[in-house]
Amino acid sequence: MLVNRKLILAHFWFAFAVFGLALCLGAWQMFVRSPLYTWISNPEWYYRSLTAHGTVMGYVFPTLVAMGFGYAITESALQQRLVGVRWAWAGFWLIVIGAIMAMVPVALGRASVLYTFYPPLIGSPFYYIGVVLVVVGSWIWVALMSVNLRVWRRAHPGEPVPLAMFANVAGSYLWAWTAVGAALELLLQIIPVALGLKTTIDAGLARVFFSWTLHAIVYFWLIPSYIAYYVIVPRAIGGRLYSDTMARLAFILFLVVAMPIGIHHTFADPEVGAGFKFIHSAFTALVAVPTLLTVFTICASVEIAARLRGGRGALGWIRALPWQNPIMLAVAFSFVMLGFGGAGGLINMSYQLDTTIHNTQWITGHFHLIFGGAIVIMYFAIAYDLWPHLTGRALPNLALVRTQLWLWFIGMIVTTFPWHWVGILGMPRRMAYYDYSNPAIAPEALSVSLSAVGALILLASGLLFLFILIRSHAQGATEAGAYRFSMPVHPVRSVPLALNSFAIWVALMIGLTVTNYGYPILTLATRHDTSVPAVYVGAH
Amino acid sequence: MSTRELFTFRNSYFSVAVGLAAGLFVLTAVAGFVVLPRLQPELKYADLWDAFCSAAGLPRRSVSSGEIPKSAHRSSEAVLTSMTLAHPSQESIGRGATLAQRCAICHGPTGISRADSPNLAGQYAAVIYKELLDFRSGARTNAVMSPFAANLSDREITDVAAYYSYLPRLPAFHPVEQHPKPRVVIYGAPMRGIAPCGSCHGSLDNKTGSPWLEGQSEAYLKAQLQAFASGQRTNDISQQMRNVARGLTPQEIDEAAAYYASQPPEIIKATD
Chain F
1 MLVNRKLILA HFWFAFAVFG LALCLGAWQM FVRSPLYTWI SNPEWYYRSL TAHGTVMGYV
61 FPTLVAMGFG YAITESALQQ RLVGVRWAWA GFWLIVIGAI MAMVPVALGR ASVLYTFYPP
121 LIGSPFYYIG VVLVVVGSWI WVALMSVNLR VWRRAHPGEP VPLAMFANVA GSYLWAWTAV
181 GAALELLLQI IPVALGLKTT IDAGLARVFF SWTLHAIVYF WLIPSYIAYY VIVPRAIGGR
241 LYSDTMARLA FILFLVVAMP IGIHHTFADP EVGAGFKFIH SAFTALVAVP TLLTVFTICA
301 SVEIAARLRG GRGALGWIRA LPWQNPIMLA VAFSFVMLGF GGAGGLINMS YQLDTTIHNT
361 QWITGHFHLI FGGAIVIMYF AIAYDLWPHL TGRALPNLAL VRTQLWLWFI GMIVTTFPWH
421 WVGILGMPRR MAYYDYSNPA IAPEALSVSL SAVGALILLA SGLLFLFILI RSHAQGATEA
481 GAYRFSMPVH PVRSVPLALN SFAIWVALMI GLTVTNYGYP ILTLATRHDT SVPAVYVGAH
Chain S
1 MSTRELFTFR NSYFSVAVGL AAGLFVLTAV AGFVVLPRLQ PELKYADLWD AFCSAAGLPR
61 RSVSSGEIPK SAHRSSEAVL TSMTLAHPSQ ESIGRGATLA QRCAICHGPT GISRADSPNL
121 AGQYAAVIYK ELLDFRSGAR TNAVMSPFAA NLSDREITDV AAYYSYLPRL PAFHPVEQHP
181 KPRVVIYGAP MRGIAPCGSC HGSLDNKTGS PWLEGQSEAY LKAQLQAFAS GQRTNDISQQ
241 MRNVARGLTP QEIDEAAAYY ASQPPEIIKA TD
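Protein chains in written order, with this note's numbering: chain F, 1 to 540; chain S, 1 to 272.
Since the hints were made in silico from the structure, they are not lab data. Treat the hints with care, since some could be wrong.
[Unchecked claim] Per label pair, the in silico range of CB-to-CB distance:
1) 4(S) - 5(F): 36 to 44 Å
2) 318(F) - 44(S): 52 to 60 Å
3) 532(F) - 43(S): 20 to 28 Å
4) 38(F) - 34(S): 51 to 59 Å
5) 195(F) - 74(S): 30 to 38 Å
6) 8(S) - 195(F): 44 to 52 Å
7) 153(F) - 19(S): 23 to 31 Å
8) 526(F) - 22(S): 20 to 28 Å
9) 22(S) - 307(F): 37 to 45 Å
10) 226(S) - 526(F): 42 to 50 Å
11) 106(S) - 41(F): 32 to 40 Å
12) 22(S) - 270(F): 25 to 33 Å
[Said to hold, decoys possible] Away from chain S, derived, C-beta distances all over 12 Å, residues of chain F:
13) 2
14) 173
15) 191
16) 308
17) 315
18) 317
19) 400
20) 474
21) 490
Bear in mind the structure is a predicted one, so any value in this text is a computation, not a measurement. Even for Gly, the Cβ is constructed at its ideal location relative to N, Cα and C.
Chain S extracted, bound-state conformation:
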């Protein structure tokens, strides 16, 4: 027995098998690449080659509109990994402390706000870093924050983020009695495609770029959820928060904001 005996068209098994396989491939390729695209006039292919490329999976420009429509708002350009600013230097933290003097009027001298601004003490560095980048680029806007961020350099942003993440987490300014965990925080709403808040914002798991929320101002949390829902705030990557917030009922927004505001920050999972 030798391969020469096998791999010859005189061997009927070989010729039939190869013939069938090749024939079937050609037949299905013609059907999939030429015939079927032509049978779908709603797909609007420019010509046969265009249809062929589309069936092969080559990305193509839409025929109807040559230009990609410009978005009405800027998207976040921040790039984060789980290692972003994971180990800041002492010098960076020191410089950040000096820079943070100007943040204290709203975010508090110890990073705990008395003005319904976010508490920053002990917040993840990647979170502060991303928000400052977004305020600077215009992906996120706020009458107070935007001018502050406009002139910050990359190094200054890194330093401020490093400083606040270094500060110890302190109890919130107005702690209230414990609320029961709302369903949306723990279960989400699977039938509306809403993941639990806790699956990104701690308590179940923490995902890079998601802040911990315990002890933050109820008014602030509520305002942000509403801003995401209305499309006023747009710096969430891939519309993650907008998709969630749009599906929330006003009551769920209230419950989630009230719940997180009432939680002491000490319970945050040690994820850093």
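Isolated chain F, as found in the complex:
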């Protein structure tokens, strides 16, 4: 039962609109720093665009998708009207205002600091305050998810929380806690300097705070996609979910181990001790566990669907899958990209192997493959799956939808594989300009050009996605029926209390944050000799 469709549509539409704009910027960046173009002669324009692209794609777009999907799950999985609709709208408008407030100074060139902030670079305070508003808006959503679950529990004492809602609330708690790192960095360190109250900043401490957010935020982006794997894919292809318990375990593991691992982003930083880097490296290896659990469970669920459709043999069942179904196509593409991206991630998390690719184009290639590829293609799938229920109109043309997904998959592979490759060759990242006539970098020219072609394919696919969604609003009205989620093979009658609640897992998440982050943060915060003068960007 989807009652507040306007609210959900507003979240999705604002998310996809800003996604479309940021995608254009991304493609432009790929093009102008490739050998296909002679160079814009002003790095400021490049960094301005890069800041806008990262801020929108990292903070605004996935947060709104998670929120919109979260509201849809609340109403359809719990079978109850959303409690706190006014608050939900307030959260939405905070994000809209925050996004605009952040983007205006970026567009004016007053905040070209990149979305990861990079202190001691300091831009306009409006940029940071805008980002804070986006986070505060999303925290309203976190609170609403918790409140709605509580209301449902009161009406259904002792019953198992539907898997979709359980996962959704796990994701919201993860976000609530992981956003604290960047919030502390912004409120205690960056904003006072941006407002001119201080002129120095402890850049090392700021980077440690940001690493608190930087890795778990990826899992927050990822959770809607994982929810879709578990609760949309088996239903959409006519199968059953292999194991409800395995799914709960996967989300619990994300909640616990996504947090205490962020220092692997600062392997090359001198302000963190090697011992803590090693601990974080080892804990990072653990996040492979929920992903491997998921890959196993979803492959098993998909096999169930294939065998129900008459698939035979050890691998012959793969042919029996409904490949015409966009959701089937999306999950297959997503898994391929997740496989390659995950393998790359194992290199990034290894304290030693990381040294070969740290700060190279490999890293940018990696997170575009994981986030832009594996995760975002499932956002498309979620939108395609939900749209008829939200608009009351069918999608215009499934062949067009399949084309869009194929283009995104091909585009992402063509973009990111050469991107990884030039990273291995040592091409540094975060640079506006590369002189390809220089013998040291000339061998990378072909790969970078290929990447730029991939970016144009992605742009075409992204615009096609928006076109499909817009067109569907003009279709004739149809009754899509109730929005429901996949059923497990064995109906869930009762679930152990530990797997039906969050108290233990939230406590562990916070506890591990304290053990793994407490000492590095405390020592840096209490030292007085670690601040450096701020470097104001675009300050006149």
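Place chain S on chain F using the hints.
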């Protein structure tokens, strides 16, 4: 359901989860703080505690040399922010005008030099302030400038800086025809880690403490780049200019100096 039921070691989920998390933390901590440092003899830890502190990230004194080696030269002690001397008073500018009489013989009566010294008219106050401080402290030395700066008080330095920054920017004494922008000014040399000149010295962006260079003497600019490259001049904070200059080819030095010397100062971005 109650928290008491959940948070007890009788609850197997709780005991297994806490046990695994704590066990893993202890195991990785022992490996990271004790075992791995011992396996790296080249790191030369005094004892176990020393290795432990290092792994925790506590700064420590190197074992081999107790004393920090004294640098052969003085470093700049100037502290600048983007607000340094941003709004000087009229009195300060007036006092500076009187003091600047003695600078005129080299830097020109209007702040435009005829002697290959820097043009100071309209230069950023923070820049003049920093250079005078450095000449006074000995971080920068020059046979002519050092004696002038030696006896200046803090207030006199501030006043002179305020005065010259107040003067209008005038065309350089020997303007020549326009040169095309050299690559190093606009693009830098990313593969050698060289940022474009313009990213600090105007035309792309201006960073605090960096002078604008348009219309300055070609001979002066070239001499300073060479002095940075050879390590003769050392008052750049964090070796910013030395790192750049060392990586420049002699041809790039020539091109950058000739380019900036030929630019009219009117094109400087209004950054103040």
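| message | Between the beta carbons of residue 8(S) and residue 195(F), is the distance compatible with 44 to 52 Å? | response | holds (49 Å)
| Beta-carbon spacing of residue 38(F) to residue 34(S) - inside the hinted bounds 51 to 59 Å or not | holds (56 Å)
| field | residue 474(F) non-interfacial with respect to chain S [C-beta, more than 12 Å] | value | Label holds. Min Cβ-Cβ 47 Å, cutoff 12 Å.
| field | Verdict for residue 4(S), residue 5(F) (Cβ pair) under range 36 to 44 Å | value | holds (42 Å)
| Given as non-interface: residue 490(F), which should sit over 12 Å from chain S by C-beta | With a cut-off of 12 Å, residue 490(F) remains clear of chain S, as the shortest Cβ separation is near 20 Å.
| query | Does the hinted range 25 to 33 Å hold for residue 22(S) and residue 270(F) at CB? | reply | holds (29 Å)
| Can the suggested window of 23 to 31 Å be confirmed for the beta-carbon pair residue 153(F) and residue 19(S)? | At roughly 28 Å between Cβ atoms, residue 19(S) and residue 153(F) fall inside 23 to 31 Å, so the hint holds.
| message | For residue 308(F), is the shortest CB-to-CB distance to chain S above 12 Å, so the non-interface label stands? | response | holds (33 Å)
| task | Evaluate the given range 42 to 50 Å for the C-beta pair formed by residue 226(S) and residue 526(F). | result | holds (45 Å)
| Do the beta carbons of residue 106(S) and residue 41(F) sit within 32 to 40 Å of each other? | Given about 36 Å between the Cβ atoms, the range holds.
| query | Does the claim that residue 315(F) lies off the interface hold, with its Cβ farther than 12 Å from every Cβ of chain S? | reply | holds (35 Å)
| Can we trust that residue 2(F) is non-interface, i.e. its beta-carbon lies farther than 12 Å from all of chain S? | Its Cβ never comes within 12 Å of chain S, the nearest being 29 Å, so this holds.
Violation of the numbered hints given earlier is absent; every hint is satisfied by the structure.
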